[in-house]
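Peer 1: Let the hints inform the model, and build the full structure from the sequences given.
Which chain is which? The protein sequence lines are L and W, in order.
The C-terminal residue of the first sequence carries number 287 in our numbering, and the numbering is unbroken.
The C-terminal residue of the second sequence carries number 754 in our numbering, and the numbering is unbroken.
Check each hint, because a few of them may be wrong.
[Stated by the list, open to error] Between beta-carbon pairs, the in silico distance windows are:
{"no.": "1", "chain 1": "L", "residue 1": "PRO164", "chain 2": "W", "residue 2": "GLY293", "range": "58 to 64 Å"}
{"no.": "2", "chain 1": "W", "residue 1": "GLY331", "chain 2": "L", "residue 2": "ASP216", "range": "55 to 61 Å"}
{"no.": "3", "chain 1": "W", "residue 1": "LYS510", "chain 2": "L", "residue 2": "ALA209", "range": "42 to 48 Å"}
{"no.": "4", "chain 1": "W", "residue 1": "ARG735", "chain 2": "L", "residue 2": "ASP216", "range": "45 to 51 Å"}
{"no.": "5", "chain 1": "W", "residue 1": "LYS545", "chain 2": "L", "residue 2": "VAL135", "range": "51 to 57 Å"}
{"no.": "6", "chain 1": "L", "residue 1": "ALA209", "chain 2": "W", "residue 2": "PRO588", "range": "57 to 63 Å"}
{"no.": "7", "chain 1": "L", "residue 1": "ARG152", "chain 2": "W", "residue 2": "GLU645", "range": "52 to 58 Å"}
{"no.": "8", "chain 1": "W", "residue 1": "GLY48", "chain 2": "L", "residue 2": "ILE37", "range": "29 to 35 Å"}
{"no.": "9", "chain 1": "W", "residue 1": "HIS242", "chain 2": "L", "residue 2": "PRO187", "range": "39 to 45 Å"}
{"no.": "10", "chain 1": "W", "residue 1": "ARG528", "chain 2": "L", "residue 2": "ALA209", "range": "41 to 47 Å"}
{"no.": "11", "chain 1": "W", "residue 1": "GLY48", "chain 2": "L", "residue 2": "ARG152", "range": "20 to 26 Å"}
{"no.": "12", "chain 1": "L", "residue 1": "PRO187", "chain 2": "W", "residue 2": "GLU324", "range": "41 to 47 Å"}
{"no.": "13", "chain 1": "L", "residue 1": "ALA209", "chain 2": "W", "residue 2": "ASP44", "range": "44 to 50 Å"}
Since the hints were made in silico from the structure, they are not lab data.
Idealized CB from N, CA, C, for every residue including glycine.
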Amino acid sequence: MDGIFKRILERLRAYRVPGYYEKFDHKWTMVVDLDRCNGCEACVTACYAENNIPVVGKEQINNSRQMSWIRIERYVDGEYPNVKVKFIPIMCQHCSKAPCETACPVYATYHNQDGLNVQVYNRCVGTFTCATYCPYDVRRFNWFTYKWDKPLDEQLTPDVTVREMGVMEKCTFCIQRIRAAKDRAKDEERTLKDGDVIPACAQSCPTGALSFGDLQDPNSMVSKLAKSPRRYRLLEELNTEPSVIYLKRIMDNGDESH
Amino acid sequence: MKRRDFLKFIGVGGAGAGLGFIFGRAQKPPGAKLIPYLIPPEDIIPGAASWYATLCTECGAGCGVLVKIMEERAKKIEGNPLHPVNKGGLCSRGQAALQALYNPDRIKGPLKRRGARGSADFVEVSWDEALDVLGQKLGELKKTGFAEKLWFLTAPLSGHRLKLLTTFMSAHSSPNLVQYELFQHRELAYANQTTMGIEEIPHYDIANTNYMLSFGADFSGTWLSPVNFSRGYGEMRQGRHRKNRGRLVQIEPRLSLTGANADEWVPVRPGSEAILALSIAYTMVERGYYRGGDASAWRSLLSSYRPSEAALATDISAEKIEELSKKFAGSKPALAIAGDGALSYTSGVSCAAAVNILNHLAGSIGVKGGMLINSGGLLGKERIDFKKGIGSLLDAANSSKVDALILYNTNPLYTTPKAANAKESLNKIPFIVSLSGFIDETTAMADLVLPAHHPLEDWGDGFASPSVGYPVTTVMQPMVSPVNNTRGFGDIFLALASKMGGGVKERLKSDSFEDYLKSGWKELYNRNRGLSAGTLGFEDFWKKMLANGGWWREAEPKRQAAVSLKGAKQMLPSRPAVFEGNEKEYPFYLVLYPHHGFGDGRHANLPWMQELPDPMTSVTWGSCLEVNPKTASGLGIKEGDFVEVESPFGSITLQAYLYPGIRPDMVAVAIGQGHTHFGRYAKDRGVNPIDILPYKEDPRTGSVALNSTRVKLVHMGTGEKLAKTEGVTRELGRNIVQTITSEEFKKMGKEVI
Numbered sequence: 030m031d032g033i034f035k036r037i038l039e040r041l042r043a044y045r046v047p048g049y050y051e052k053f054d055h056k057w058t059m060v061v062d063l064d065r066c067n068g069c070e071a072c073v074t075a076c077y078a079e080n081n082i083p084v085v086g087k088e089q090i091n092n093s094r095q096m097s098w099i100r101i102e103r104y105v106d107g108e109y110p111n112v113k114v115k116f117i118p119i120m121c122q123h124c125s126k127a128p129c130e131t132a133c134p135v136y137a138t139y140h141n142q143d144g145l146n147v148q149v150y151n152r153c154v155g156t157f158t159c160a161t162y163c164p165y166d167v168r169r170f171n172w173f174t175y176k177w178d179k180p181l182d183e184q185l186t187p188d189v190t191v192r193e194m195g196v197m198e199k200c201t202f203c204i205q206r207i208r209a210a211k212d213r214a215k216d217e218e219r220t221l222k223d224g225d226v227i228p229a230c231a232q233s234c235p236t237g238a239l240s241f242g243d244l245q246d247p248n249s250m251v252s253k254l255a256k257s258p259r260r261y262r263l264l265e266e267l268n269t270e271p272s273v274i275y276l277k278r279i280m281d282n283g284d285e286s287h
Numbered sequence: 002m003k004r005r006d007f008l009k010f011i012g013v014g015g016a017g018a019g020l021g022f023i024f025g026r027a028q029k030p031p032g033a034k035l036i037p038y039l040i041p042p043e044d045i046i047p048g049a050a051s052w053y054a055t056l057c058t059e060c061g062a063g064c065g066v067l068v069k070i071m072e073e074r075a076k077k078i079e080g081n082p083l084h085p086v087n088k089g090g091l092c093s094r095g096q097a098a099l100q101a102l103y104n105p106d107r108i109k110g111p112l113k114r115r116g117a118r119g120s121a122d123f124v125e126v127s128w129d130e131a132l133d134v135l136g137q138k139l140g141e142l143k144k145t146g147f148a149e150k151l152w153f154l155t156a157p158l159s160g161h162r163l164k165l166l167t168t169f170m171s172a173h174s175s176p177n178l179v180q181y182e183l184f185q186h187r188e189l190a191y192a193n194q195t196t197m198g199i200e201e202i203p204h205y206d207i208a209n210t211n212y213m214l215s216f217g218a219d220f221s222g223t224w225l226s227p228v229n230f231s232r233g234y235g236e237m238r239q240g241r242h243r244k245n246r247g248r249l250v251q252i253e254p255r256l257s258l259t260g261a262n263a264d265e266w267v268p269v270r271p272g273s274e275a276i277l278a279l280s281i282a283y284t285m286v287e288r289g290y291y292r293g294g295d296a297s298a299w300r301s302l303l304s305s306y307r308p309s310e311a312a313l314a315t316d317i318s319a320e321k322i323e324e325l326s327k328k329f330a331g332s333k334p335a336l337a338i339a340g341d342g343a344l345s346y347t348s349g350v351s352c353a354a355a356v357n358i359l360n361h362l363a364g365s366i367g368v369k370g371g372m373l374i375n376s377g378g379l380l381g382k383e384r385i386d387f388k389k390g391i392g393s394l395l396d397a398a399n400s401s402k403v404d405a406l407i408l409y410n411t412n413p414l415y416t417t418p419k420a421a422n423a424k425e426s427l428n429k430i431p432f433i434v435s436l437s438g439f440i441d442e443t444t445a446m447a448d449l450v451l452p453a454h455h456p457l458e459d460w461g462d463g464f465a466s467p468s469v470g471y472p473v474t475t476v477m478q479p480m481v482s483p484v485n486n487t488r489g490f491g492d493i494f495l496a497l498a499s500k501m502g503g504g505v506k507e508r509l510k511s512d513s514f515e516d517y518l519k520s521g522w523k524e525l526y527n528r529n530r531g532l533s534a535g536t537l538g539f540e541d542f543w544k545k546m547l548a549n550g551g552w553w554r555e556a557e558p559k560r561q562a563a564v565s566l567k568g569a570k571q572m573l574p575s576r577p578a579v580f581e582g583n584e585k586e587y588p589f590y591l592v593l594y595p596h597h598g599f600g601d602g603r604h605a606n607l608p609w610m611q612e613l614p615d616p617m618t619s620v621t622w623g624s625c626l627e628v629n630p631k632t633a634s635g636l637g638i639k640e641g642d643f644v645e646v647e648s649p650f651g652s653i654t655l656q657a658y659l660y661p662g663i664r665p666d667m668v669a670v671a672i673g674q675g676h677t678h679f680g681r682y683a684k685d686r687g688v689n690p691i692d693i694l695p696y697k698e699d700p701r702t703g704s705v706a707l708n709s710t711r712v713k714l715v716h717m718g719t720g721e722k723l724a725k726t727e728g729v730t731r732e733l734g735r736n737i738v739q740t741i742t743s744e745e746f747k748k749m750g751k752e753v754i
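Peer 2: Below you can see the structure in the form of structure tokens.
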């Protein structure tokens, strides 16, 4: 009995301690080329459609309670006429050393064997701690049980849970697509190959700014892109080791512009 | 409860249940309504998705899409990776088509007017009754010899839906088929026809260009074929096949989404884009960058656009014009484009022509990385009738030349200025029929509503416009069974034809639109064996086409064109763009642009689009007035304050947003909000800036200029919080979006891939 108890405790600690896993099955990674991204927000709508994200309405937007899992942030430098605008898509960074994971009192968020930061809705009791710890502001809290006016609910995908009030949610790297791809690969008796998994945002991206794949596979597109000299990670100084790699935008300042 | 009572209760209940069962069986035989899932409908495996290919009709670009179907419900729309226009990508608006399909405010079935016109008070009628009424009316018109008093106003259509409609109208002997929408790019088509003699809008090969001058073209957002152009933009920046990175210069008074991505922003004075383009062209000839034999003729033609003079008109220094000219001529291939921003002035046609001249002088017509000339589709040319704009309909209605009007997918009451008095004109039409799926402003005026299927429920096809250098046809097929009691667009006409008699039915030769479409394609197939290279029978060809989403064959575009001196001469602007209102009383230019999510307002009823933050202001669920912060502080306006925008033709009141990417002498408002009907998500939300525009149709193109008035601003006092998603817009040294200069990028050398 004592042994079982110890084993369970050990498992829980595994979820709790960042970097506990020595070896991941996969290291899912997204590469965002900021020089390609034009801020068109096709990814945002794709995410709404894929992940049953509710529309909250004007009042809740005013309370900063929009539920989008991916957003385009826009930064403006300078004054007229030397205005420089920069766009950046921000979604859950799936940090290898995620601050949110150490914070959750009920282990609702943990790191899985694929290197993903996952959220277990059934465990979540809504303490909001993870959202407070997250430096990227990507966690979204269900302040209400949102309703879809009939028959808009016919569009809801059965692949993804519809969340209820009091639950924290966030980008999952489209884990349902990862699962489906793994199942397909298993049925076809092969291992996953590059391009098997494409999250909704990357699929819809018109400019090809988003790439997704396994960083452990040295021949995958993301492995190649990750070696780019333009690479950086968001707020890298916090040492969260995000799984999202950004490629710097090329932008001339001052004299070149008007 | 005693044990005995309990047993009695159970006994009675049980007998009742048994009787109910027996009566139930007697009433309807088992299986009449309920089919066990052991015998599932075709293609249904619970939990497994099937994907079908179809055409996206949310704008005119003609992208191919795949729709994810699970248990007979459409779940998600994605770009078709095989399709040459969008190659797998899809914009927000295309993806949001699902919310139109399952919209709670869709019209559930045919309606007949009960209340006053415009009150949207309808009663439901059956299809038979509705078609009878309409068929009788049209039959009467034909019998009494007033067939030409039937008018048809539709959003631009293509393929067999257009063919059916044209045949229907000509069988009814009415020439009055008007294809109309707010952003129809008539200026572009007209200028191309006059200067180059081509009717088709060319393919802009952004992916392969080295230097791009974009005159007000928001090709990342809403212009022409945004997904195709965005793909090109991505390739231009970091395409793996490229040696160097292409540069983009955006010339526009208000920084659009595309402008925000440009390397340079040239904030030209509103309405002077054509002059700037011609001045760049003049410099190219003057400096000898253009070496054609007719250089001297071009020089004399363009001599009134010297940079020193153009600088005064455009607010752009002569040195800057020289520099742009040098770079444009020096980086081959270079490309100039003119978008909605520059075409929406009274001088819009001239700007389109000026840009053609630029491309001609730079040798960019018909070359890779320039303008690739499209040839007509498989069904022949689908030309814009410049004589038939919205004005022709309103004029005819005013002089009582319209007895019946049928509307499809178009909302002229929303898209024409109040000054056009469209409502009064429509009121003079005795009989209005709408085929719209929603009660929009114009449908509210209808006497009869025959709701057509949503395109995801219907058959059809369409040709991409602009195409990608070779013809691309996309087939539209039903994805789901109809959600409401609606009918297919083509099927409505086929049913109507048999009701109205007069030989219309005989001309159409089909019982269902599906047959019509298929036999139309069979004809094409027989006529043009190259379609399948002779290897497939028609049935196999048809099946393959439905599976792939359409028909296309990649080919190098070979068609050439050139700008003729004579054509160019006709199109040079005789005077700068006209703005109504004098400068003293109305100090600011008003510039309108299509909203990123709503286009010309047609998507304002989709909750996803309402909640999608505007890419430049991040405002949701409403309208805002974009004002330069300096101008605003001069007037004491803070963000969220209510401001009355007054033009000589009316006024609107909306909240201000301080936007640094706009000239201080102008304000801008997005088109799309301010509906008075159109369902719960759109109704009474924001303002419609088109209301306060002057109404003057360009006699050459039949379009109405949007940027054609000056306004004054009146501060109406402090307002509430603006519903927006952004927080601080400055980076404040957090280094979130990191950048490198192009010099540093060059030093990095060829990247790993």
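Peer 1: Identify every previously stated hint that the structure contradicts and give their numbers, smallest first.
Peer 2: 12 and 13
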